[in-house]
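Undergrad: Residue strings, one per chain:
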Amino acid sequence: MTRTRSGPRSLADDLRARTDEELAALLRIRPDLVVPVPVDIAQLASRAATRSSAVRVLDRLDRFTLSVVDALIVLGDPATPKAVRELLSAPKTAVDSALAALRERALTWGTQKSIHLVRVVAEIVGPHPAGLGPSAHQLLLGLPPARLATIVRDLGLQVSGDHASNAETAAAHLAAADTVQGLLDDVGPEAVSALRALSEGPPTGRIDDARRAVDRSTARTPIDRLLAAGLLIPVDDTSVVLPREVGVYLRGGVLDPSVRTEPPQPEMTGRDPDRVDRAAAAGAFNVVRQVETLLDAWSLRPPPVLRTGGLSVRDLRRLPELLDTDETGAALVAEVAYVAGLIAVSEGEDATWTPTPEYDAWQRESVADRWVTLVRGWLETSRTAGLVGSRDERDKPVPALGGEIDRPLTPEVKRTTLDVLAGLPAGAAVDVEGLVAAIRWRRPRRGGQLRDDIVRWTMREAELLGVTGMGALAGHMRPLLAEDTDEARTRLAGLLPEPLDHLLLQADLTAVVPGPLQSELARELNLLSDVESRGGATVHRFTEESVRRALDAGRTADDIHRFLESVSRTPVPQPLTYLVDDVARRHGVLRVGAASSFIRSDDHALLSEIVAAPQASALGLRRLAPTVLVSSLDGVTVLERLRQLGFAPTPESADGSVVVSRVEPRRAFGRPAPQPTLADRPTPTDAVLSAAVRALRAGDRSSSVRPADVVPGRLGRTASAQTLADLRRALEDGSTIWIGYVDHHGATSERVVDPVRLEGGWLAAFDHRSSEIRSFAVHRISGVAAVDA
Amino acid sequence: MADVTDGPLIVQSDKTLLLEVDHDQAEACRRAIAPFAELERAPEHVHTYRLTPLGLWNARAAGHDAEQVVDTLMTYSRYPVPHAMLVDVAETMARYGRLRLETHPALGLVLHSTDRPVLEEVLRSKRVKPLVGARVDDDTVTVHPSERGNLKQVLVKLGWPAEDLAGYVDGEAHQIALDETGWSLRPYQRDAAEGFWHGGSGVVVLPCGAGKTLVGAAAMAHAQATTLILVTNTVAARQWRDELIRRTSLTEDEIGEYSGSKKEIRPITIATYQVMTNRRKGAYTHLELFEARDWGLIVYDEVHLLPAPIFRMTANLQARRRLGLTATLVREDGREDDVFTLIGPKRYDAPWKEIENQGYIAPADCVEVRVTMPDGERLAYATAEADERYRLASSTEIKTRVVEQLVKRHEGDPTLVIGQYIDQLDELAERLGAPVVKGETTVRERQRLFDAFRTGELNVLVVSKVANFSIDLPEASVAVQVSGTFGSRQEEAQRLGRLLRPKADGRTARFYSVVARDTVDQEYAQHRQRFLAEQGYAYHIADAEDILYGEEPA
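So the sequences go chain by chain: C and L. Sequential numbering of the first sequence, starting at 2, is according to our numbering. Sequential numbering of the second sequence, starting at 289, is according to our numbering.
Source of the hints: derived by calculation from the structure; they are not laboratory data. C-beta atoms are modelled at their ideal positions from N, C-alpha and C, and glycine is treated no differently. Wrong hints could be hidden among the right ones.
Which stretches of chain C does chain L cover? Using the computed rule of at least three CB atoms under 8 Å from a CB of chain L, they are [said to hold, decoys possible]: (1) 510-521; (2) 529-540; (3) 570-576; (4) 602-616.
Model the full structure from these sequences, guided by the hints.
TA: Right, dumping it as structure tokens:
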């Protein structure tokens, strides 16, 4: 398989001549070609030339490379790099590297000087490459002969009797720059401006009676004059097309006057990298805290899962207040927690969004670790939080956590966006619309409006997540993009404040924690008080209810006093001490029995108060003794009602002891985190690639050596005695053979093997495709043929 | 803390700012954030400020820009400030001034915009339509002068506050000067008056007893013009008059009183809210007072009490300079924002404890004394209707005994006993052998009793809520509150305020609030105390048993 002077005759030929490295590079860029591994290069080539595979790779080309594709289509097959350069008026280096990229992707083949475009590409691009119409020759051929003859005559050319040669004559006239200019000068400025509009693409226009009979002498309107001169050519009764040559001429002889070989640079603002990192760290800390706040709330009151999946709008609307953010931010927090596997749909009939055991593990990690977990999930997920709240096709708002927001495009565009940011100097904040344009240049065929939106959402979410700070990529995000999580964690940890072991107690019954609090202390404090405001610090308020909650959870007044003294750097204010004692004094004065539901108290007046309360009639109370009431309702209900009435009863067990209870946080077990939907197969590893290339080469050898009378996959079923004899002979000769093999799924494959051993109905042989010794069951070997290496 | 600056300020995600007061830079930081952040709470260790759109717009009006605000936050913040919040601050501030109220040489008052879509947006609002006149050009629309205030109010609610460049009328000139012989204006009073004058109109918030009247006098000396002063009641009106005569060049003939009993209109006229809101046959009969003279300045004393009808009148007075004075700008009706839009933004504000630290108001100890109702009363309470409960709890008989003990303990100290219910007050007066000042007491009798109290002839005085405001009783050093207007925070503050005139011997004042345990009285008391607790007054809580059996509360 040597390259001949005339060059390869087909894509398969070209691929066959490529080095192993080139093939591996192709498969790396187009992983869809590897699954399953093609039998041989011919199959690889035909798979590469399929529409779906070619669309996939075209979608990932940048604007300039696509212009080169357009140029190749316009120039026709084959084209030279020089012609491409001239048509694009682009520098050699840019064109050469674009051509190299196309060749690498197996979209073109041929030699350096003669480039063939894989045919399906032109079909995908459509009839108007670069917004240009078909060639004049093709259009003119489509005209009725008489009409064409009139045009040729009007152009002042020699009319011949042959339709085809007339078309050629006229087309040549329209392709020459000076003659076209002459025609344009003739038709007048109005007509020229109409042409200019079409020259920017699309090249077709609609007019009435497109096939009207006109000639130069009878032409009255500008359109008449254009039709007469062949500058516009009718394709049916109502449409006209601008011939490609005229379009190119109007564009100044180039395909695209505005072509740029490099992506547009978004406007940048240089910010102090330290400030950027600090701002991003604040965002990172904030989002970790928000996830914790949300999931702690959901631990106690998990919201229901909508019948159609997702979180109800009402439940979403509650979140901004809880999390101090807007609805977009709240949806992001919920989604990030979901993607990280921290919440899931609970088992059972009334499914709810419930934190998972992973949440408990996550909570025990450092803030930096927790952030890394969240952001990695966010990077990879195809769930698109930005879509939450938009309208779906039935004009209903798209719910958070629902199934409708998976977009394979998201991780791809998100990654591209962040990679663009990572390519900028530290502290560079970019203008978002500029960035949108830059990404659009990189992937113009991919995603459309959604792509642009994802860029915007990515930038917004990045800021909320602390991936960027003040619009610039954070220092701790760069290592994460390079998969170095340890470095990312270390850098972020350096920016975050140390957890505190103390707080400030104030006489207005508030406590201020001027930073993050150690987590055990935070838990205890959250039990004892209600959070009033969050941020860099947390403000807590002690109320009767909050203290009672702590007592209900089994704390004694002494425990609380000790805790407060140990965490406060200043003396505990007297009103707070008093509050705790006062609540403790009343706590447990009332006791409710579950067995027959009784209320007892040593305080006569208090029982009278209960009996007299207007709402108490619903409890069905009866006074048994001055110190005991009974109720017809169950103890739990009675307990609730009494608390609603503002009393502080304690439940009592059958043996008379006080039952302490605390609301247990709920957990959803055994639910996997949502996996991203991928547009691309993951890039194969190098090992897989080299194995694939080896297999291809082996397959190629097997097809080139395959006996002419066998068809792949239908190797003649030789009798098993014959098979055994053939195998034995090959083993003795030490020759390479070609076998047909039916695997246990019933699929047939052909392999080139070197037999090593034959025993017990098994053939051990070196398989050229996998480069290893493998065992083949003899009864599954459908045929054997010699390879004349 | 690695890599984190050690500033005194912590910015919270709900837009509150926490200022650690013991920090070295706390004072500098306080000064820097005061122009744009509202002081919300000032307890002992950490003060809370809040960023509100109104506060930010007021800062713009006072000439601060978003960059300064952002820079201040970044400079003093201990932790990095969330970028989103900075953006929000900048965006909020950028909304101010897109619309401007200007005086057009030919057309008079006009609303002009530098941002046409904004003008289009507000003009489409139903609430703006009736307030504006003809469209002059694309960017300008005329405004009826009398709607200036209403329009400003509506525009604030729409989120596009107008910058008022139409200016003020000078009013009829009148010579007024401060007569600083034997005394001088305190630094904060001077700052407050100047802050007001530079701002044009606005509200000055100073603690009770900090000398707000003198801020008013200083403002009048700046204005040099005829002045209308609106006060809460006749006694307060007379105190204003006396103070003005003593502290300024004004003489008795220049000051008129416009009240229920007198209808004098003089260059300086002091009117009561009550007479202004008097109606006959549904019409406000004394409105002409606003037009009676070409006033150069209008002073609203105790602006937090400004009644709704006067709000409406004030909306029509936007061309005149307005000064609001108050100690407690908390309105239980939540109309603080209306005060700010119609009178003007807060021009000066000082935490109570700070003025106390400077020695201008007396330090005070607050003690909540909890009494336990006897069983008989508890039963009555338990079975009472909800609307009777507060009255029952707050006038429990045991309170009387506790008050007696407290008054006895402070024998010799000028003591006020303050309550809501007249029966209770009468009973207390009888038990204590002290006179009562209540609604039906004549002005003359009130004056006599207050004078006797001031001179020390009388040591104990029982007063109803008529004495909540503006009654100057400098030597009162003990107050015992037995009941109040439910959970009113400002009433509590005003009552404490009666004690805050600095004492000749530098004594600490003491404020007792007697509360019935485990009743609505206690709940209301907690709400009442919030404002003062937030200003850093720590309430000790004592049990009545300790008082009755003679132990000194801690």
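Undergrad: Work down the list of hints and note, for each, if the structure agrees.
TA: Quick rundown of the hints versus the structure:
{"no.": "1", "hint": "510-521", "verdict": "holds (count 5)"}
{"no.": "2", "hint": "529-540", "verdict": "holds (count 6)"}
{"no.": "3", "hint": "570-576", "verdict": "holds (count 4)"}
{"no.": "4", "hint": "602-616", "verdict": "holds (count 6)"}
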